[in-house]
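Visitor: Sequence:
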Amino acid sequence: NASIKQTRERLESLKKAKEAGTKETENQFCKVVENTEIMRLQLIFDGKPEPEVRDILKSNGFKWAPSQSAWQRQLTNNARYALKRVMEELEKLEAAE
Numbered sequence: 001n002a003s004i005k006q007t008r009e010r011l012e013s014l015k016k017a018k019e020a021g022t023k024e025t026e027n028q029f030c031k032v033v034e035n036t037e038i039m040r041l042q043l044i045f046d047g048k049p050e051p052e053v054r055d056i057l058k059s060n061g062f063k064w065a066p067s068q069s070a071w072q073r074q075l076t077n078n079a080r081y082a083l084k085r086v087m088e089e090l091e092k093l094e095a096a097e
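This note's numbering applies: residue 1 is where the sequence shown begins, and numbers increase by one.
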């Protein structure tokens, strides 16, 4: 019964996320897409990011997806938190330059 309840709750949360739709925002570094269609948080850069930027992305769980031309990870609350950390680190990196 607990497993059934957990599965129903998971389906309900996925349904709500899909209904919310895809959200796009842009900042000085990249375009951020909360793609509910494929349940991914995507970062789209103009061109290839510098090695330091790629290291920051990788250390926060983002992977390069050639099929999407984006750095992405599964769309969860942890992904949103990782996005916040990435942006903070990119700002520090930019300030150091």
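There could be a bad hint or two in this list.
[As the list claims (entries may be wrong)] Here are the simulated DSBU-like pairs of lysine-lysine, each with C-alpha atoms no more than 35 Å apart in a straight line:
# : residue 1 : residue 2
1 : Lys84     : Lys15
2 : Lys84     : Lys18
3 : Lys23     : Lys63
None of these hints come from the bench; they were simulated from the model.
Visitor: Please name the hints from earlier in the document that this structure breaks, with their numbers sorted from lowest to highest.
Guide: Violated: none.
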